[in-house]
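So the protein lines, in turn, are chains A and B.
Using our numbering, the first residue of the first sequence is number 1, and each one after it goes up by one.
Using our numbering, the first residue of the second sequence is number 1, and each one after it goes up by one.
These aren't lab readings, by the way, just hints derived from the structure by calculation.
One or more hints might be untrue.
[Claimed, not checked] Once the Cα atoms are required to be at most 25 Å apart in a straight line, the calculated DSS-like pairs of lysine-lysine come out as:
1. Lys-172/A / Lys-253/B
2. Lys-22/B / Lys-162/A
3. Lys-162/B / Lys-22/B
4. Lys-22/A / Lys-22/B
5. Lys-172/A / Lys-22/A
6. Lys-172/A / Lys-162/A
7. Lys-172/B / Lys-162/B
2 protein chains.
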Amino acid sequence: MPLQPMQAEIIAVGSELLTPQKIDTDSLYLTGELNALGIEVVAKAVVGDDRERLSAMIRDSLRRSPIVILTGGLGPTEDDVTRDAVASALGRELQFNLAVCEGIEARFRLMNRRMAEINRRQAYIIAGADILNNENGTAPGQWVDDNGRIVILLPGPPNELKPMFSRGCLPKLRAAVPSTVIRTRFYRVSGMPESELDQLISPVYTRYSNPVTTILAAPGDIQIHLRARTETEPQAEALLSELGAQIEELLGKRIYSCNGEPLEAVVGTALRRRGETLSVAESCTGGLLAGRITSVAGASDYFAGGFTTYTEAMKSSVLSIDPELLRVHTAVSQPVAEAMALACRERTGSTYALSVTGVAGPGGGTEQNPVGTVYIGLAGGDGCDVRRMRFLGDRTRVRILAVQSALNLLRVHLDSESGR
Amino acid sequence: MPLQPMQAEIIAVGSELLTPQKIDTDSLYLTGELNALGIEVVAKAVVGDDRERLSAMIRDSLRRSPIVILTGGLGPTEDDVTRDAVASALGRELQFNLAVCEGIEARFRLMNRRMAEINRRQAYIIAGADILNNENGTAPGQWVDDNGRIVILLPGPPNELKPMFSRGCLPKLRAAVPSTVIRTRFYRVSGMPESELDQLISPVYTRYSNPVTTILAAPGDIQIHLRARTETEPQAEALLSELGAQIEELLGKRIYSCNGEPLEAVVGTALRRRGETLSVAESCTGGLLAGRITSVAGASDYFAGGFTTYTEAMKSSVLSIDPELLRVHTAVSQPVAEAMALACRERTGSTYALSVTGVAGPGGGTEQNPVGTVYIGLAGGDGCDVRRMRFLGDRTRVRILAVQSALNLLRVHLDSESGR
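The following block holds chain A by itself, in its conformation from the complex:
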């Protein structure tokens, strides 16, 4: 099974990526996709908007590796030197492509704008290159096969790069690499810290060098990737099932997804299946919970909407929270979280309502409710359940953890009701 992997290098272009503030992250996405094809990334580089230097680096990379991928530097300005540098490194001409130019013009017309003259630069294509369509921007990508060496030019913005690579490049790369089968499984877990999870499952997964196990932690969300590489698909699936069954046994219902789906999609699918609906009342998360739920296309099937009651006056006027309750218990309290969820459910007529009220910080903490204290309420047909949580970290992290915990509270409830 020691299949020799094909090798690639990635070069990110842009002077801003050489400042102390910015980092190239496109290469992480590309590495994941290349690895899944059995292609290894053996070197990465970042270079500024300097045609001569970039051209020299492309030549160096091509001497070492048969696949070189460039990201960025395809914009319309003087700064954007990738097209020129690749053409010069390969000793090829840049040719104006009328069809590409007309496509860019059409895109501007759709936005009721006229194409600026400098955008014509983006219609120059390296002689012999295939054009990669850009669904989310003006700059087309390019794919050059130079006597069996492959050079790929991709735009820098992730929302342009990802669909272009996935639709325009993956099928071509798949055809170019020797067939090894890679199959993956992708668990997601909520409600436990990474160290605790690793302590629980590492005695199992460290016994396997194939599948390879990778654990990734985001706030309130842990991903476990299993990656099996074999010669046939049944072999790969058998390896994944063998290791996967042991991990599922150990983690049980803390696993909320076996296919990488995010929590908001898992909750949405469960609600849709049950024909039930949801609404939210938010204070410290200020709309982020609703924003997360509506990031799923088609969320209107089960999501009614919600209330961002950021001030006490809004809590009283919109959700009719008794000002006396706010005075006695303060806005960050069990009774207020409960009243918010119940009122939200009643106002919207939804099956469930989630409420969130807490201290996101950096100010506003008290001895009783230090920064990071959050109450989460879940109202349903059988009353209201409120949890008090304490999250550590800055304002952004506390808000993300509060949203994740609210979704997980509903997920666990739906799970237990379905008797899974």
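Chain A is fixed; fit chain B onto it per the hints.
For chain B alone, coordinates are given in the frame of chain A:
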């Protein structure tokens, strides 16, 4: 005054830095420190634990730049190839250093442990190198002056690298480079595409090689960085003011920030200063606008809250939108955006209310309102202003652009009222 900046490259060594999960961050710290000395980082690379490849990359870097810094690969195992690769790239010997070895042994004794035999590897020093003391680990760093080209070997762990660089390398580098001062200015612009902006200001900024101008575009948001490098601070500030005044003249009120502050903070500061308040009614952005406004600490000073009316039923029940209006015009229309903003302002008693209703996609587009069509309303004391926008891109991008445009509509309104 055209001080030619000294140029450096950074190479991070370690196969783990070529996986989809890990990223080199040592180079961000090093770039900040080098820039402060007036040394520019012109390229960065990541390479795995492969002696031949690393050696080739070091040779390539030294051909291009007079300072090359390597991080990582100084550990005691077979995988740790940096010492070997540098020695081979420079054509120098590795020599066992007894004093360094005794230092490592002493460190182990302090922890009541015996030094493992493999740690002797860490006592090999490149012939002619200066030893850089490691306060927090066993691997010493090395500084090689190779006929005026400088090669620096640093350990990968940040708690070892940072004190070593700051105490062992900065004084030596400061002596090696001419004294310079770097000052920056950081504009942010909303409401125009990058190409249009560049066409407008490139005739000005391309006349200056100092300050250096860098333009960065995110959805609906363009950043312009100016970076001046001179011998004294007043010289640097004078250069920034000279170029900055011309850019400000050309872009006028499209500049919303001169110090890098994001749009939600600029809007918040203006509202607080005026003692005015804001609320929002969201449909397609589903809470993201409120979430963005409340990402600023202290937003409760001016933000009352809002309504996420995701379904038609919610629009009618919560904001009292006439069902007949929804039937005749559909939810994505000028009259509904206006009614949402007016009702939101009335319900909350806020000075202003923003409304957003549109088709974020991927489904739901019609001939009249294709995916990406968004109506944004702004209600204030003098009635309601509604704009129809058309954004291109996927669901995430359309929602981000809608939020950005809503904030910008209010920002421009506040600006014009303040008679700026």
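Going through the hints against the structure:
1. With a CA separation close to 47 Å, the supplied pair Lys-172/A and Lys-253/B exceeds the 25 Å bound.
2. Between Lys-22/B and Lys-162/A the alpha-carbon distance is near 19 Å, which keeps this suggested pair within the 25 Å criterion.
3. Only pairs whose Cα atoms come within 25 Å are accepted, and Lys-162/B paired with Lys-22/B is accepted, the gap being roughly 19 Å.
4. Using a Cα cut-off of 25 Å, the hinted pair Lys-22/A and Lys-22/B holds, with the two alpha carbons roughly 15 Å apart.
5. For a cut-off of 25 Å, the pair hint linking Lys-172/A to Lys-22/A is broken: about 31 Å separates their Cα positions.
6. Our distance criterion of 25 Å between C-alpha atoms is met by Lys-172/A and Lys-162/A, whose separation comes to about 15 Å.
7. With a CA separation close to 15 Å, the supplied pair Lys-172/B and Lys-162/B stays within the 25 Å bound.
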